[in-house]
Amino acid sequence: DTEVTQTPKHLVMGMTNKKSLKCEQHMGHRAMYWYKQKAKKPPELMFVYSYEKLSINESVPSRFSPECPNSSLLNLHLHALQPEDSALYLCASSQLGGSYEQYFGPGTRLTVT
Amino acid sequence: GESVGLHLPTLSVQEGDNSIINCAYSNSASDYFIWYKQESGKGPQFIIDIRSNMDKRQGQRVTVLLNKTVKHLSLQIAATQPGDSAVYFCAETQAGYALNFGKGTSLLVTP
Numbered sequence: 001d002t003e004v005t006q007t008p009k010h011l012v013m014g015m016t017n018k019k020s021l022k023c024e025q026h027m028g029h030r031a032m033y034w035y036k037q038k039a040k041k042p043p044e045l046m047f048v049y050s051y052e053k054l055s056i057n058e059s060v061p062s063r064f065s066p067e068c069p070n071s072s073l074l075n076l077h078l079h080a081l082q083p084e085d086s087a088l089y090l091c092a093s094s095q096l097g098g099s100y101e102q103y104f105g106p107g108t109r110l111t112v113t
Numbered sequence: 001g002e003s004v005g006l007h008l009p010t011l012s013v014q015e016g017d018n019s020i021i022n023c024a025y026s027n028s029a030s031d032y033f034i035w036y037k038q039e040s041g042k043g044p045q046f047i048i049d050i051r052s053n054m055d056k057r058q059g060q061r062v063t064v065l066l067n068k069t070v071k072h073l074s075l076q077i078a079a080t081q082p083g084d085s086a087v088y089f090c091a092e093t094q095a096g097y098a099l100n101f102g103k104g105t106s107l108l109v110t111p
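So the protein sequences, as listed, match chains A and B. Residue numbers in the first sequence follow my numbering, run continuously in steps of one, and reach 113 at the last position. Residue numbers in the second sequence follow my numbering, run continuously in steps of one, and reach 111 at the last position.
Hints in this document: simulated from the structure, not taken from any laboratory. Everything hinted at is true.
Derived lysine-lysine pairs resembling DSBU-like cross-links, with alpha carbons at most 35 Å apart:
1) Lys9(A) x Lys42(B)
2) Lys38(A) x Lys56(B)
3) Lys68(B) x Lys41(A)
4) Lys36(A) x Lys68(B)
5) Lys53(A) x Lys19(A)
6) Lys103(B) x Lys22(A)
7) Lys68(B) x Lys40(A)
8) Lys103(B) x Lys9(A)
9) Lys38(A) x Lys68(B)
10) Lys41(A) x Lys42(B)
11) Lys71(B) x Lys41(A)
12) Lys42(B) x Lys18(A)
13) Lys71(B) x Lys103(B)
14) Lys40(A) x Lys42(B)
15) Lys36(A) x Lys56(B)
16) Lys71(B) x Lys53(A)
17) Lys103(B) x Lys68(B)
18) Lys103(B) x Lys41(A)
19) Lys68(B) x Lys42(B)
20) Lys36(A) x Lys71(B)
21) Lys56(B) x Lys71(B)
22) Lys42(B) x Lys36(A)
23) Lys103(B) x Lys18(A)
24) Lys19(A) x Lys42(B)
25) Lys18(A) x Lys38(A)
26) Lys103(B) x Lys38(A)
27) Lys103(B) x Lys53(A)
28) Lys36(A) x Lys103(B)
29) Lys22(A) x Lys38(A)
From just these sequences and the hints, can you work out the full model?
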């Protein structure tokens, strides 16, 4: 199984809402990532987890809160977002050491109204 | 402020022709490079990778060339097919987890 799954596929939320994005992989990868992608732009790294611990936070605003409950799951909790946070949120996973190839999920298309 | 790019660089090729997509990188310490393909509405999909101790690597219908002297990476697609139409991103990293993506090139294959 070389698949990374993400739910929901689409999400519309108001600026006062709290929602969560979910990501799951069963490849035994111990590194997991959140990226943000705006239209016609490359993915921008937000967070990296290795061995379920946050190892990189690319100065992301605190209204985005990541969580890694176990080695297969990665969540991104959203609160008090702004319209400019509307984007495609991509989850990825990879091995630690060896290949740096990251496997991406299909993304969650988020719209903040 | 951030400049807004309304259009991705676009490469238009006829079906059956070969395609070459180029990428420049800036970090001379980068040691791993990867090409991704992203179709509309999907996440990036791995195409091929190359380490800095190599200058060429071939896959099925694809070849990646690395020129470390001028910090340039290219992806060659042989006999381009309509299913190859997508946005192509190069990415690089320096022995770490943080992939830095290039701006992307939109490949359009015409019949």
